[in-house]
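> Could you build the full structure based on these sequences and the hints that come with them?
Position 265 of the sequence shown, counting from 1, maps to 257 under my numbering, and the rest follow consecutively.
Relax, there's no trap hidden among the hints.
In the EDC-like style, the derived pairs of lysine to aspartate or glutamate whose C-alpha atoms are separated by at most 20 Å in a straight line are:
hint : residue 1 : residue 2
1    : Lys107    : Glu58
2    : Lys219    : Glu254
3    : Lys233    : Asp362
4    : Lys107    : Asp121
5    : Lys340    : Asp368
6    : Lys266    : Glu254
7    : Lys266    : Glu222
8    : Lys213    : Asp72
9    : Lys153    : Glu166
10   : Lys134    : Asp121
11   : Lys284    : Glu297
12   : Lys233    : Asp167
13   : Lys163    : Asp398
Computed Cβ-Cβ distance ranges for the label pairs, DEER-style:
hint : residue 1 : residue 2 : range
14   : Leu112    : Gly192    : 47 to 55 Å
15   : Asn139    : Lys189    : 40 to 48 Å
16   : Thr86     : Ala109    : 28 to 36 Å
17   : Thr70     : Leu347    : 46 to 54 Å
By construction, these hints were calculated from the structure, which means they are not laboratory data.
Think of the CB as a built atom: it goes at the ideal place given N, C-alpha and C, for glycine as much as any other residue.
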Amino acid sequence: RISGGPQGDAVIVHELIHALQDQHFDLFSLQKYVQGNSDRSAALSALVEGDATLGMFAQQMAGSEEQQKLFIKFFQITTDLSKEFMAVNRNVPTFIQDSMFFNYSQGLEFNWRLKKAGGLNKINLAFRDLPASTEQILHPEKYLSSNRDEPWTIQLPSLQKYFPQKNGWTKLSEDTMGELGIQILLREYFAYRRLKKHLGAFWKPLSSNIILRGLGRTAYKYLNANKIRESAAGWGGDRYKVYYNPKTGKTALVWLTYWDTEKDSQEFFMAMKKVRQLGGKDFPASVYQQGKKVLVLTNIPDMKEELVESLWRTAKIQTFDRSRFKKEFPICQSIYRLRFEKNKTKRKAWEKKILGYGKAAIPFLIQALDGEKKKDFLAFISQTLYKLTGKNLGANYKAWKKWQEDQKK
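Right, dumping it as C-alpha coordinates:
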(Lines of atoms letter the chains of each structure in order from A and count residues from 1; the text may use other names and numbers.)
(Lines give C-alpha, C1' and ligand atoms only; values in the text may rest on other atoms or scores of the structure.)
Protein backbone atom coordinates (compact mmCIF):
# COMPACT_ATOMS: atom_id res chain seq x y z
CA ARG A 1 0.00 0.00 0.00
CA ILE A 2 1.32 3.43 -0.96
CA SER A 3 0.91 5.90 1.88
CA GLY A 4 2.37 9.20 3.03
CA GLY A 5 0.15 9.66 6.05
CA PRO A 6 -3.24 11.44 5.90
CA GLN A 7 -1.95 14.31 3.74
CA GLY A 8 -0.10 11.97 1.40
CA ASP A 9 -3.18 9.76 1.02
CA ALA A 10 -5.30 12.83 0.19
CA VAL A 11 -2.86 13.86 -2.55
CA ILE A 12 -2.87 10.32 -3.98
CA VAL A 13 -6.69 10.35 -4.09
CA HIS A 14 -6.61 13.78 -5.79
CA GLU A 15 -4.21 12.58 -8.51
CA LEU A 16 -6.04 9.28 -9.04
CA ILE A 17 -9.23 11.24 -9.69
CA HIS A 18 -7.34 13.24 -12.35
CA ALA A 19 -6.28 9.94 -13.95
CA LEU A 20 -9.91 8.81 -14.02
CA GLN A 21 -11.03 12.16 -15.46
CA ASP A 22 -8.51 11.84 -18.27
CA GLN A 23 -9.42 8.23 -18.93
CA HIS A 24 -13.13 9.03 -19.28
CA PHE A 25 -13.21 12.61 -20.56
CA ASP A 26 -9.85 13.24 -22.35
CA LEU A 27 -8.57 16.26 -20.41
CA PHE A 28 -5.85 17.14 -22.92
CA SER A 29 -8.35 17.57 -25.76
CA LEU A 30 -10.72 19.53 -23.51
CA GLN A 31 -7.92 21.93 -22.58
CA LYS A 32 -7.03 22.37 -26.24
CA TYR A 33 -10.67 22.97 -27.15
CA VAL A 34 -10.96 26.01 -24.84
CA GLN A 35 -7.47 27.32 -25.70
CA GLY A 36 -7.53 30.95 -26.78
CA ASN A 37 -10.12 31.95 -24.19
CA SER A 38 -8.48 32.19 -20.75
CA ASP A 39 -11.84 32.65 -19.04
CA ARG A 40 -13.27 29.40 -20.41
CA SER A 41 -9.94 27.69 -19.73
CA ALA A 42 -10.06 28.82 -16.07
CA ALA A 43 -13.65 27.57 -15.79
CA LEU A 44 -12.57 24.14 -17.09
CA SER A 45 -9.63 24.06 -14.65
CA ALA A 46 -11.99 24.85 -11.77
CA LEU A 47 -14.23 21.95 -12.81
CA VAL A 48 -11.25 19.57 -13.07
CA GLU A 49 -9.45 20.60 -9.87
CA GLY A 50 -12.64 21.14 -7.89
CA ASP A 51 -13.82 17.60 -8.70
CA ALA A 52 -10.50 16.13 -7.51
CA THR A 53 -10.51 18.34 -4.39
CA LEU A 54 -14.07 17.26 -3.54
CA GLY A 55 -12.99 13.61 -3.77
CA MET A 56 -9.87 14.31 -1.74
CA PHE A 57 -11.97 15.74 1.11
CA ALA A 58 -14.72 13.10 0.97
CA GLN A 59 -14.12 11.98 4.57
CA GLN A 60 -13.91 15.50 5.97
CA MET A 61 -17.16 16.42 4.17
CA ALA A 62 -19.18 13.43 5.34
CA GLY A 63 -21.23 15.45 7.85
CA SER A 64 -24.43 17.46 7.50
CA GLU A 65 -24.97 20.02 4.75
CA GLU A 66 -24.26 22.83 7.20
CA GLN A 67 -20.98 21.19 8.24
CA GLN A 68 -20.02 20.77 4.60
CA LYS A 69 -20.66 24.48 3.94
CA LEU A 70 -18.51 25.42 6.94
CA PHE A 71 -15.70 23.15 5.73
CA ILE A 72 -15.77 24.73 2.25
CA LYS A 73 -15.70 28.24 3.72
CA PHE A 74 -12.84 27.26 6.06
CA PHE A 75 -10.89 25.81 3.11
CA GLN A 76 -11.46 28.94 1.03
CA ILE A 77 -10.33 31.29 3.82
CA THR A 78 -7.20 29.28 4.71
CA THR A 79 -6.30 28.96 1.02
CA ASP A 80 -6.67 32.71 0.60
CA LEU A 81 -4.56 33.46 3.68
CA SER A 82 -1.81 31.08 2.57
CA LYS A 83 -1.23 33.32 -0.46
CA GLU A 84 -0.39 36.24 1.80
CA PHE A 85 1.53 34.62 4.66
CA MET A 86 3.73 32.09 2.86
CA ALA A 87 7.15 33.50 1.96
CA VAL A 88 7.35 31.26 -1.12
CA ASN A 89 4.41 33.18 -2.68
CA ARG A 90 5.87 36.66 -2.15
CA ASN A 91 7.38 37.00 -5.63
CA VAL A 92 4.65 35.16 -7.52
CA PRO A 93 2.48 37.60 -9.51
CA THR A 94 -0.96 38.09 -7.97
CA PHE A 95 -2.74 37.11 -11.21
CA ILE A 96 -1.01 33.70 -11.25
CA GLN A 97 -1.67 33.07 -7.55
CA ASP A 98 -5.33 34.06 -7.66
CA SER A 99 -5.99 32.10 -10.86
CA MET A 100 -4.32 28.96 -9.49
CA PHE A 101 -5.99 28.99 -6.05
CA PHE A 102 -9.37 29.78 -7.67
CA ASN A 103 -9.31 26.35 -9.33
CA TYR A 104 -9.25 24.60 -5.97
CA SER A 105 -11.17 26.88 -3.59
CA GLN A 106 -13.98 28.04 -5.89
CA GLY A 107 -13.80 24.82 -7.90
CA LEU A 108 -14.54 22.84 -4.72
CA GLU A 109 -17.69 24.85 -4.05
CA PHE A 110 -18.84 24.61 -7.68
CA ASN A 111 -18.47 20.81 -7.73
CA TRP A 112 -20.12 20.49 -4.33
CA ARG A 113 -23.10 22.44 -5.69
CA LEU A 114 -23.22 20.13 -8.72
CA LYS A 115 -23.16 17.04 -6.49
CA LYS A 116 -25.87 18.54 -4.27
CA ALA A 117 -28.04 19.19 -7.36
CA GLY A 118 -27.66 15.78 -8.98
CA GLY A 119 -25.09 13.54 -7.33
CA LEU A 120 -21.71 12.58 -8.79
CA ASN A 121 -23.34 11.98 -12.17
CA LYS A 122 -24.06 15.74 -12.38
CA ILE A 123 -20.29 16.34 -12.15
CA ASN A 124 -19.61 13.73 -14.82
CA LEU A 125 -22.16 15.35 -17.14
CA ALA A 126 -20.45 18.72 -16.68
CA PHE A 127 -17.38 17.39 -18.50
CA ARG A 128 -19.52 17.18 -21.63
CA ASP A 129 -21.56 20.29 -20.81
CA LEU A 130 -18.74 22.60 -19.73
CA PRO A 131 -19.15 25.73 -17.62
CA ALA A 132 -18.76 28.51 -20.17
CA SER A 133 -17.17 31.16 -17.95
CA THR A 134 -15.63 31.84 -14.55
CA GLU A 135 -18.85 33.75 -13.85
CA GLN A 136 -20.64 30.38 -13.79
CA ILE A 137 -18.02 29.00 -11.38
CA LEU A 138 -18.25 32.04 -9.08
CA HIS A 139 -22.06 31.89 -9.21
CA PRO A 140 -22.96 28.17 -9.62
CA GLU A 141 -26.68 29.03 -9.82
CA LYS A 142 -25.98 30.67 -13.19
CA TYR A 143 -24.81 27.27 -14.51
CA LEU A 144 -27.40 25.15 -12.70
CA SER A 145 -30.40 27.28 -13.70
CA SER A 146 -32.71 25.90 -16.39
CA ASN A 147 -32.30 29.35 -17.97
CA ARG A 148 -28.51 29.63 -17.86
CA ASP A 149 -26.74 32.96 -17.71
CA GLU A 150 -24.41 32.32 -20.67
CA PRO A 151 -21.63 34.70 -21.70
CA TRP A 152 -21.74 36.83 -24.83
CA THR A 153 -19.12 36.15 -27.49
CA ILE A 154 -17.31 39.27 -28.67
CA GLN A 155 -15.41 39.43 -31.95
CA LEU A 156 -13.22 42.49 -32.37
CA PRO A 157 -12.63 43.79 -35.91
CA SER A 158 -9.22 43.94 -37.56
CA LEU A 159 -7.20 46.78 -36.02
CA GLN A 160 -4.30 46.83 -38.49
CA LYS A 161 -5.29 50.32 -39.61
CA TYR A 162 -4.59 51.65 -36.10
CA PHE A 163 -1.56 49.47 -35.38
CA PRO A 164 0.27 49.21 -38.75
CA GLN A 165 3.20 46.81 -38.97
CA LYS A 166 5.16 49.35 -41.01
CA ASN A 167 5.18 51.58 -37.91
CA GLY A 168 6.54 48.76 -35.76
CA TRP A 169 3.34 47.38 -34.18
CA THR A 170 2.95 43.65 -33.50
CA LYS A 171 -0.08 41.94 -32.01
CA LEU A 172 1.00 40.09 -28.87
CA SER A 173 -2.26 38.49 -27.81
CA GLU A 174 -6.02 38.32 -28.04
CA ASP A 175 -8.05 36.86 -25.18
CA THR A 176 -10.91 37.14 -22.68
CA MET A 177 -10.57 38.29 -19.05
CA GLY A 178 -13.89 37.13 -17.63
CA GLU A 179 -15.35 37.95 -14.23
CA LEU A 180 -12.43 36.28 -12.42
CA GLY A 181 -9.84 38.26 -14.38
CA ILE A 182 -11.70 41.52 -13.70
CA GLN A 183 -11.88 40.74 -9.98
CA ILE A 184 -8.12 40.11 -9.90
CA LEU A 185 -7.43 43.35 -11.79
CA LEU A 186 -9.65 45.41 -9.46
CA ARG A 187 -8.16 43.75 -6.37
CA GLU A 188 -4.67 44.70 -7.54
CA TYR A 189 -5.61 48.39 -7.71
CA PHE A 190 -8.39 48.79 -5.12
CA ALA A 191 -6.53 46.83 -2.43
CA TYR A 192 -2.81 46.32 -3.07
CA ARG A 193 -1.96 49.52 -4.97
CA ARG A 194 -4.11 51.56 -2.58
CA LEU A 195 -2.26 50.04 0.41
CA LYS A 196 1.11 51.01 -1.11
CA LYS A 197 -0.16 54.50 -1.85
CA HIS A 198 -1.47 55.01 1.70
CA LEU A 199 1.72 53.76 3.35
CA GLY A 200 4.04 55.63 0.98
CA ALA A 201 7.67 55.38 2.06
CA PHE A 202 6.74 53.00 4.90
CA TRP A 203 5.60 50.26 2.48
CA LYS A 204 9.05 49.05 1.43
CA PRO A 205 10.43 48.34 4.95
CA LEU A 206 7.09 46.92 6.13
CA SER A 207 6.71 44.64 3.11
CA SER A 208 10.04 42.96 3.86
CA ASN A 209 8.33 41.38 6.89
CA ILE A 210 6.04 38.61 5.61
CA ILE A 211 3.64 38.92 8.59
CA LEU A 212 3.20 42.70 8.32
CA ARG A 213 2.93 42.47 4.52
CA GLY A 214 0.31 39.74 4.81
CA LEU A 215 -1.71 41.60 7.42
CA GLY A 216 -1.77 44.79 5.36
CA ARG A 217 -2.70 43.10 2.08
CA THR A 218 -5.35 40.93 3.75
CA ALA A 219 -6.94 43.90 5.56
CA TYR A 220 -7.17 46.01 2.39
CA LYS A 221 -8.41 43.03 0.38
CA TYR A 222 -11.29 42.33 2.76
CA LEU A 223 -12.12 46.02 3.30
CA ASN A 224 -12.57 46.43 -0.46
CA ALA A 225 -14.04 42.97 -1.20
CA ASN A 226 -17.65 44.11 -1.66
CA LYS A 227 -16.70 46.94 -4.02
CA ILE A 228 -14.55 44.56 -6.09
CA ARG A 229 -17.30 41.93 -6.33
CA GLU A 230 -20.01 44.48 -7.16
CA SER A 231 -17.92 46.12 -9.89
CA ALA A 232 -17.18 42.77 -11.58
CA ALA A 233 -20.69 41.31 -11.12
CA GLY A 234 -23.01 41.50 -14.09
CA TRP A 235 -20.20 40.67 -16.52
CA GLY A 236 -21.64 39.57 -19.83
CA GLY A 237 -18.55 39.12 -21.99
CA ASP A 238 -15.30 40.74 -23.06
CA ARG A 239 -12.45 40.54 -25.55
CA TYR A 240 -9.13 42.34 -25.75
CA LYS A 241 -6.15 42.72 -28.06
CA VAL A 242 -2.65 43.72 -26.95
CA TYR A 243 -0.10 45.29 -29.29
CA TYR A 244 3.58 46.09 -28.74
CA ASN A 245 5.88 48.52 -30.53
CA PRO A 246 9.63 47.90 -29.93
CA LYS A 247 10.45 51.23 -31.59
CA THR A 248 8.63 53.19 -28.89
CA GLY A 249 8.62 50.56 -26.14
CA LYS A 250 4.87 51.04 -25.74
CA THR A 251 2.24 48.39 -25.13
CA ALA A 252 -1.29 49.18 -26.31
CA LEU A 253 -4.52 47.63 -25.05
CA VAL A 254 -7.93 47.55 -26.75
CA TRP A 255 -10.45 45.95 -24.38
CA LEU A 256 -14.20 45.83 -25.01
CA THR A 257 -16.54 44.60 -22.28
CA TYR A 258 -20.27 43.89 -22.34
CA TRP A 259 -22.54 43.87 -19.27
CA ASP A 260 -25.91 42.42 -18.26
CA THR A 261 -27.45 45.83 -17.60
CA GLU A 262 -26.56 49.49 -18.05
CA LYS A 263 -26.28 49.73 -14.25
CA ASP A 264 -23.61 46.99 -14.28
CA SER A 265 -21.88 48.78 -17.14
CA GLN A 266 -21.91 52.08 -15.22
CA GLU A 267 -20.45 50.44 -12.10
CA PHE A 268 -17.58 48.95 -14.09
CA PHE A 269 -17.03 52.23 -15.95
CA MET A 270 -16.65 54.07 -12.64
CA ALA A 271 -14.41 51.33 -11.26
CA MET A 272 -12.06 51.58 -14.25
CA LYS A 273 -11.87 55.34 -13.88
CA LYS A 274 -10.75 54.72 -10.30
CA VAL A 275 -8.21 52.16 -11.54
CA ARG A 276 -6.84 54.77 -13.93
CA GLN A 277 -6.51 57.21 -11.04
CA LEU A 278 -4.76 54.67 -8.79
CA GLY A 279 -2.55 53.38 -11.61
CA GLY A 280 -1.24 56.76 -12.69
CA LYS A 281 1.61 56.39 -15.20
CA ASP A 282 1.42 52.59 -14.97
CA PHE A 283 -2.11 52.55 -16.39
CA PRO A 284 -2.60 55.47 -18.83
CA ALA A 285 -6.09 54.39 -19.82
CA SER A 286 -8.99 56.07 -21.56
CA VAL A 287 -12.38 54.63 -20.54
CA TYR A 288 -15.60 54.97 -22.57
CA GLN A 289 -19.16 53.80 -22.03
CA GLN A 290 -22.02 53.27 -24.46
CA GLY A 291 -25.10 51.54 -23.07
CA LYS A 292 -24.08 48.09 -21.82
CA LYS A 293 -20.60 48.39 -23.33
CA VAL A 294 -17.43 49.73 -21.71
CA LEU A 295 -14.24 50.23 -23.73
CA VAL A 296 -10.77 50.56 -22.21
CA LEU A 297 -7.84 51.83 -24.30
CA THR A 298 -4.19 52.39 -23.40
CA ASN A 299 -1.36 53.89 -25.46
CA ILE A 300 -3.37 54.26 -28.68
CA PRO A 301 -1.00 55.87 -31.21
CA ASP A 302 -3.34 57.80 -33.53
CA MET A 303 -6.97 58.25 -34.49
CA LYS A 304 -8.26 57.32 -31.03
CA GLU A 305 -11.74 58.80 -31.50
CA GLU A 306 -12.09 57.10 -34.89
CA LEU A 307 -11.06 53.79 -33.27
CA VAL A 308 -13.69 54.22 -30.53
CA GLU A 309 -16.47 54.90 -33.06
CA SER A 310 -15.33 51.98 -35.19
CA LEU A 311 -15.43 49.57 -32.24
CA TRP A 312 -18.90 50.70 -31.14
CA ARG A 313 -20.09 50.12 -34.70
CA THR A 314 -18.27 47.00 -35.92
CA ALA A 315 -17.49 44.77 -32.91
CA LYS A 316 -19.74 41.70 -33.09
CA ILE A 317 -21.52 40.70 -29.88
CA GLN A 318 -23.32 37.36 -30.17
CA THR A 319 -24.99 34.90 -27.83
CA PHE A 320 -22.89 31.93 -26.71
CA ASP A 321 -23.81 28.82 -28.70
CA ARG A 322 -23.50 25.86 -26.33
CA SER A 323 -24.53 23.40 -29.05
CA ARG A 324 -21.23 24.00 -30.87
CA PHE A 325 -19.37 21.80 -28.37
CA LYS A 326 -21.12 18.65 -29.57
CA LYS A 327 -20.17 19.43 -33.18
CA GLU A 328 -16.66 20.78 -32.60
CA PHE A 329 -15.18 18.76 -29.75
CA PRO A 330 -15.08 15.48 -31.75
CA ILE A 331 -12.95 17.31 -34.37
CA CYS A 332 -10.56 18.65 -31.74
CA GLN A 333 -10.42 15.27 -30.00
CA SER A 334 -9.68 13.42 -33.26
CA ILE A 335 -6.70 15.69 -33.97
CA TYR A 336 -5.10 15.01 -30.58
CA ARG A 337 -5.96 11.30 -30.64
CA LEU A 338 -3.92 11.19 -33.85
CA ARG A 339 -1.07 13.09 -32.20
CA PHE A 340 -0.62 10.41 -29.52
CA GLU A 341 -1.46 7.35 -31.65
CA LYS A 342 1.51 5.08 -32.47
CA ASN A 343 -0.26 2.33 -34.41
CA LYS A 344 0.10 3.07 -38.15
CA THR A 345 -3.25 1.57 -39.12
CA LYS A 346 -5.08 3.56 -36.46
CA ARG A 347 -3.20 6.71 -37.44
CA LYS A 348 -4.41 6.33 -41.01
CA ALA A 349 -7.98 5.97 -39.76
CA TRP A 350 -7.68 9.15 -37.67
CA GLU A 351 -6.15 11.03 -40.61
CA LYS A 352 -9.05 9.99 -42.84
CA LYS A 353 -11.59 10.99 -40.20
CA ILE A 354 -10.02 14.44 -39.69
CA LEU A 355 -9.91 15.10 -43.43
CA GLY A 356 -13.56 14.05 -43.59
CA TYR A 357 -14.54 16.94 -41.32
CA GLY A 358 -13.54 19.26 -44.15
CA LYS A 359 -13.25 23.00 -43.55
CA ALA A 360 -14.70 22.66 -40.04
CA ALA A 361 -11.33 21.18 -39.00
CA ILE A 362 -9.28 24.19 -40.18
CA PRO A 363 -9.39 26.36 -37.00
CA PHE A 364 -8.49 23.37 -34.81
CA LEU A 365 -5.63 22.31 -37.09
CA ILE A 366 -4.24 25.87 -37.02
CA GLN A 367 -4.59 25.96 -33.24
CA ALA A 368 -2.72 22.65 -32.98
CA LEU A 369 0.36 24.26 -34.58
CA ASP A 370 0.80 26.64 -31.64
CA GLY A 371 3.89 25.56 -29.69
CA GLU A 372 3.90 22.08 -31.26
CA LYS A 373 7.28 20.31 -31.71
CA LYS A 374 6.33 16.81 -32.88
CA LYS A 375 7.59 16.67 -36.48
CA ASP A 376 5.32 13.98 -37.92
CA PHE A 377 2.28 15.67 -36.38
CA LEU A 378 3.33 19.07 -37.78
CA ALA A 379 3.81 17.48 -41.21
CA PHE A 380 0.30 16.00 -41.09
CA ILE A 381 -1.24 19.34 -40.09
CA SER A 382 0.53 21.33 -42.83
CA GLN A 383 -0.40 18.73 -45.48
CA THR A 384 -4.03 18.61 -44.34
CA LEU A 385 -4.32 22.39 -44.23
CA TYR A 386 -2.94 22.53 -47.77
CA LYS A 387 -5.56 20.02 -48.94
CA LEU A 388 -8.38 21.96 -47.24
CA THR A 389 -7.32 25.51 -48.17
CA GLY A 390 -5.01 25.27 -51.17
CA LYS A 391 -2.51 27.38 -49.18
CA ASN A 392 1.05 26.17 -48.68
CA LEU A 393 2.11 27.90 -45.47
CA GLY A 394 3.79 24.85 -43.97
CA ALA A 395 3.71 24.56 -40.18
CA ASN A 396 4.10 28.31 -39.64
CA TYR A 397 1.55 29.09 -36.92
CA LYS A 398 1.84 32.90 -37.24
CA ALA A 399 1.36 32.76 -41.01
CA TRP A 400 -1.73 30.58 -40.64
CA LYS A 401 -3.18 32.87 -37.94
CA LYS A 402 -2.69 35.86 -40.22
CA TRP A 403 -4.40 33.96 -43.04
CA GLN A 404 -7.24 33.09 -40.66
CA GLU A 405 -7.70 36.73 -39.62
CA ASP A 406 -7.67 37.84 -43.27
CA GLN A 407 -10.52 35.40 -43.98
CA LYS A 408 -12.65 37.11 -41.31
CA LYS A 409 -12.42 40.54 -42.93
